[in-house]
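The primary structure of each chain is shown beneath.
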Amino acid sequence: MKKMKKIVVLFVMIMMVSACGKTTDQGTENADTVASGAASNTTASKDTKIVEPIEIEFWHALGGSLGDGLHAIIDDYNSTQSTYMVKPVVVGSYSEIDEKLQAAYAGKTVPALVVGGSQDVFFQKGLVEYFEDYMPETYDKEDIVGGFLKAGTRDDKLAFAPAYGTSQVLYYNKAVLTEAGATVDDLGTWGTLAGLYDQVKGIDTGVNTIEYVWEPMWGNGNIADMASSNGGRYVSDDGLTVTINSPEWVEVLEQVRIWIHDDQKMRIHSGGQGWEYWYKTMDDWVYGKSLGYTGSPGDYVIAFDAVKKANEEGYINEFAVTHQPGFGNHDPAPYFSSLMYFIPKADNITEEQKIGAADFVTFATNTENTAAFSIATGYAAVRNSVLDFPEYQEYLTNNPDADAALKQIDQYAVPEWIDPTGGAIMDALTEAVDKVEIENIPAQKALDAAAEKAQRELDKIKQ
Amino acid sequence: MKKDKKIKLVKHCFLIPSSILFAFPFLWMVFGIFKTNNEIWQTPYQLLPGAWDTGRVLDSLQNIQFGRYIFNSFYVGFVGTIVMLIASTLFTYAIVFMGNRYMQWLFYLVLAIYMLPGAVTYVPVYVILANIGLVDSLTGLMFSYVASVFAVFYLRQSFKKMSKDYVEAARIDGANHWKILRHVIFPLNKSAFYTVFVLTFVQQYNNYMWPSILLKDQNKYLISQGLRQFFIQDGAYGMNWSEVMLASTVTIIPVIIIFILGQRWFVTGIMEDSGLK
Numbered sequence: 421m422k423k424m425k426k427i428v429v430l431f432v433m434i435m436m437v438s439a440c441g442k443t444t445d446q447g448t449e450n451a452d453t454v455a456s457g458a459a460s461n462t463t464a465s466k467d468t469k470i471v472e473p474i475e476i477e478f479w480h481a482l483g484g485s486l487g488d489g490l491h492a493i494i495d496d497y498n499s500t501q502s503t504y505m506v507k508p509v510v511v512g513s514y515s516e517i518d519e520k521l522q523a524a525y526a527g528k529t530v531p532a533l534v535v536g537g538s539q540d541v542f543f544q545k546g547l548v549e550y551f552e553d554y555m556p557e558t559y560d561k562e563d564i565v566g567g568f569l570k571a572g573t574r575d576d577k578l579a580f581a582p583a584y585g586t587s588q589v590l591y592y593n594k595a596v597l598t599e600a601g602a603t604v605d606d607l608g609t610w611g612t613l614a615g616l617y618d619q620v621k622g623i624d625t626g627v628n629t630i631e632y633v634w635e636p637m638w639g640n641g642n643i644a645d646m647a648s649s650n651g652g653r654y655v656s657d658d659g660l661t662v663t664i665n666s667p668e669w670v671e672v673l674e675q676v677r678i679w680i681h682d683d684q685k686m687r688i689h690s691g692g693q694g695w696e697y698w699y700k701t702m703d704d705w706v707y708g709k710s711l712g713y714t715g716s717p718g719d720y721v722i723a724f725d726a727v728k729k730a731n732e733e734g735y736i737n738e739f740a741v742t743h744q745p746g747f748g749n750h751d752p753a754p755y756f757s758s759l760m761y762f763i764p765k766a767d768n769i770t771e772e773q774k775i776g777a778a779d780f781v782t783f784a785t786n787t788e789n790t791a792a793f794s795i796a797t798g799y800a801a802v803r804n805s806v807l808d809f810p811e812y813q814e815y816l817t818n819n820p821d822a823d824a825a826l827k828q829i830d831q832y833a834v835p836e837w838i839d840p841t842g843g844a845i846m847d848a849l850t851e852a853v854d855k856v857e858i859e860n861i862p863a864q865k866a867l868d869a870a871a872e873k874a875q876r877e878l879d880k881i882k883q
Numbered sequence: 663m664k665k666d667k668k669i670k671l672v673k674h675c676f677l678i679p680s681s682i683l684f685a686f687p688f689l690w691m692v693f694g695i696f697k698t699n700n701e702i703w704q705t706p707y708q709l710l711p712g713a714w715d716t717g718r719v720l721d722s723l724q725n726i727q728f729g730r731y732i733f734n735s736f737y738v739g740f741v742g743t744i745v746m747l748i749a750s751t752l753f754t755y756a757i758v759f760m761g762n763r764y765m766q767w768l769f770y771l772v773l774a775i776y777m778l779p780g781a782v783t784y785v786p787v788y789v790i791l792a793n794i795g796l797v798d799s800l801t802g803l804m805f806s807y808v809a810s811v812f813a814v815f816y817l818r819q820s821f822k823k824m825s826k827d828y829v830e831a832a833r834i835d836g837a838n839h840w841k842i843l844r845h846v847i848f849p850l851n852k853s854a855f856y857t858v859f860v861l862t863f864v865q866q867y868n869n870y871m872w873p874s875i876l877l878k879d880q881n882k883y884l885i886s887q888g889l890r891q892f893f894i895q896d897g898a899y900g901m902n903w904s905e906v907m908l909a910s911t912v913t914i915i916p917v918i919i920i921f922i923l924g925q926r927w928f929v930t931g932i933m934e935d936s937g938l939k
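Quick mapping for you: the protein sequence lines, in order, are chains Z and F.
According to the numbering used here, the stretch in the first sequence is residues 421 to 883, in order.
According to the numbering used here, the stretch in the second sequence is residues 663 to 939, in order.
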């Protein structure tokens, strides 16, 4: 009997926990219903017709200052009109957006709007609506910077709406550069930059001393930018042959291997949780262990603050940003890309929701909001009119080198290359770069293996 | 006697470094709570912090706001595991004690499913849950955990090692299936039940990938997703690593408590044959 009682008590406990969970599950929902009910009653007394706003579920992967900037725009949009209600969902990363979207397409629970992720992969599978089909008249397409417009266009129609632009730039410690008797002109080519090693090594930066002349960012991005300058291309002009093991690529990657492993002039942070490798790379520059690093324009705001804070703690660092160097005697030719808004094509999204999604995108990317987002994050604005916007002009005068990315995109950068295999060539290149940068394997060997693997994938789609 | 001492010494020489090796990440995390960012990353690394600033730690504890995530994880881990255990026990009882040749085939079929990588099942399970309206709900998450092949396999091994004489004796005395389960099977396989409970609880408590696909509402996130928030922030450079260490420590404390409370049962379940005592 006693045991029976114990079972009953346990059962009741489980039921209570279960009920408690359900209450919390539904608690917000109930509160919302009550609130909206109350609001509806008030409205009903004025108008006889009650119109609920159309919900626009919006997935993004922006956190920190980027997320704050975007959410401020969303709140502004929701409070300035009553037809649509944008509901943001923060996803862990761009790759998680892809995974979550795949499941959502299968389960017919796709959101009305997404920014980031592999929009081209989904587009090639016919799972993305043309943005232009839902674009309101107020969307000024002609004002979009040429490269971004081209990147978002498919079949002469705007398929994706550019959100903001990025192209990797150099963050460097001007105080160390000056102490070494050099100027920003010495960062003009990768050769002259690496040549500064002997001059900067051991310079006292308050708490630490300079150990490395440069820290490129882990991944294939920086290598691709150098190779682009050196004339390296991903595939041949006819699009049939993978060329990532051409002499231009091998020369670049082998030189980077020598700088990292043989000469130990440069360093790569890799692995870790999420963006840990990125932050460690930044840390080394902020706290005076390296002359500089290659980073995203999105680092600008946080890096600027971090350097100021480090200065207060006794670290010597003078914040400066410049465009990427060229490789050899060539001009710089880094890639630029744009984060894109896209409207998924799925049965569970109504036409009204798609129109609403395009309406929000138009609001979020108007001149004022584009400028505000660019100021808040450091990313390059995708509209030409931003340059004439008074607040943006004032921002440029108060923040050193804040337009470095924009200038680079304007003067040197080339549009991001679109992998026709949906990512297989890029994956093979990433693997090769890791082998060289982390495992010290000769570039020729790593790139030959990568090219062979990538060619097999390219052949599959060209047959 | 001397030989015993020598063996003991050798054992300790092996076990002490092994213990330090296994405890090191945990100690690194706990001491990290009191370190500044620079102390955490400085080379050469230092295990102990420069100062034990408990005031700052208490402030951080208020900042991390993990209460909701811990509750969700606990709710899913506890209720989900209990429901899963009930379902698995009934199924295992059927295939072991109500066995006929079809039951054996059914078991082999279930075992074959165990060989499937978890990620392969994400999309089909998501579609099923979407069709019954359980996407983005903790109920849906627990529902997807109800059928556990691991639990069936583990309990079956335990039930089979148990002498069937007890079950037959109970039947002769007129006990029905429920009574046999309650008064014979459960007491004789307590350690197996506990082992399955702890392992499944920990797995459900810590799970990241599947909940992150299924859940959208931040209020329903599990602790692992809450913890991940510290790392996903695109451009969230300058993160407070001591807070990350604190959040990680807070995350694993419930699991450690559960393990310590039931350590005796857990170890018995792993080490010894169940049933014949």
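Keep in mind that the hints are not guaranteed to be accurate.
[What the hints assert, rightly or not] Restricting the straight-line Cα-Cα distance to at most 20 angstroms, the calculated cross-link-like pairs of lysine to aspartate or glutamate (EDC-like) are:
1) F:Lys878 / Z:Glu859
2) Z:Lys507 / F:Asp798
3) Z:Lys685 / Z:Glu859
4) Z:Lys709 / F:Asp798
5) Z:Lys729 / F:Asp879
6) Z:Lys528 / F:Asp835
7) Z:Lys528 / F:Asp879
8) F:Lys878 / Z:Glu552
9) Z:Lys700 / F:Glu905
10) F:Lys878 / Z:Glu475
[What the hints assert, rightly or not] Simulated restraints on C-beta separations:
11) F:Pro786 / Z:Val834: 36 to 46 angstroms
12) Z:Thr629 / F:Leu683: 26 to 36 angstroms
13) F:Gln865 / Z:Asn804: 31 to 41 angstroms
Hints were generated in silico from the structure; no laboratory data involved.
Don't be surprised by glycine CBs; every beta carbon is placed ideally from N, CA and C.
Is the Cα-Cα distance between Z:Lys528 and F:Asp835 20 angstroms or less? The hint is violated at about 55 angstroms.
Take the C-alpha atoms of Z:Lys709 and F:Asp798, compute the straight-line distance between them, and say whether it is at most 20 angstroms. Outside the cut-off at roughly 46 angstroms; violated.
Lying within 36 to 46 angstroms: is that true of the beta-carbon distance F:Pro786 to Z:Val834? Since the Cβ atoms of F:Pro786 and Z:Val834 sit about 42 angstroms apart, the hinted range of 36 to 46 angstroms holds.
What's the verdict on Z:Lys685 and Z:Glu859, does the C-alpha distance respect the 20 angstroms limit or exceed it? holds (16 angstroms)
Is the straight-line distance between the alpha-carbon of F:Lys878 and that of Z:Glu859 20 angstroms or less? violated (39 angstroms)
Starting from the range 26 to 36 angstroms, see whether the pair Z:Thr629 and F:Leu683 falls in it by beta-carbon distance. holds (33 angstroms)
Holds or violated: are the alpha carbons of F:Lys878 and Z:Glu475 at most 20 angstroms from each other? Holds, because 15 angstroms separates the two Cα atoms, which is no more than 20 angstroms.
Restraint status (C-alpha distance of Z:Lys528 to F:Asp879 at most 20 angstroms): holds (17 angstroms)
Has the hinted range 31 to 41 angstroms been met by the Cβ atoms of F:Gln865 and Z:Asn804? violated (53 angstroms)
So if I understand the rule, the pair passes when the alpha-carbon distance is 20 angstroms or less; does F:Lys878 with Z:Glu552 pass? Roughly 28 angstroms separates the two Cα atoms, so the pair is violated.
Do the alpha carbons of Z:Lys507 and F:Asp798 lie within 20 angstroms of each other, as the hint requires? Since the Cα atoms of Z:Lys507 and F:Asp798 sit roughly 14 angstroms apart, the hinted pair holds (cutoff 20 angstroms).
Between Z:Lys729 and F:Asp879, does the CA-CA distance stay at or below 20 angstroms? violated (35 angstroms)
In terms of the numbered hints stated before, the structure departs from hints 1, 4, 5, 6, 8, 13, listed from lowest to highest.
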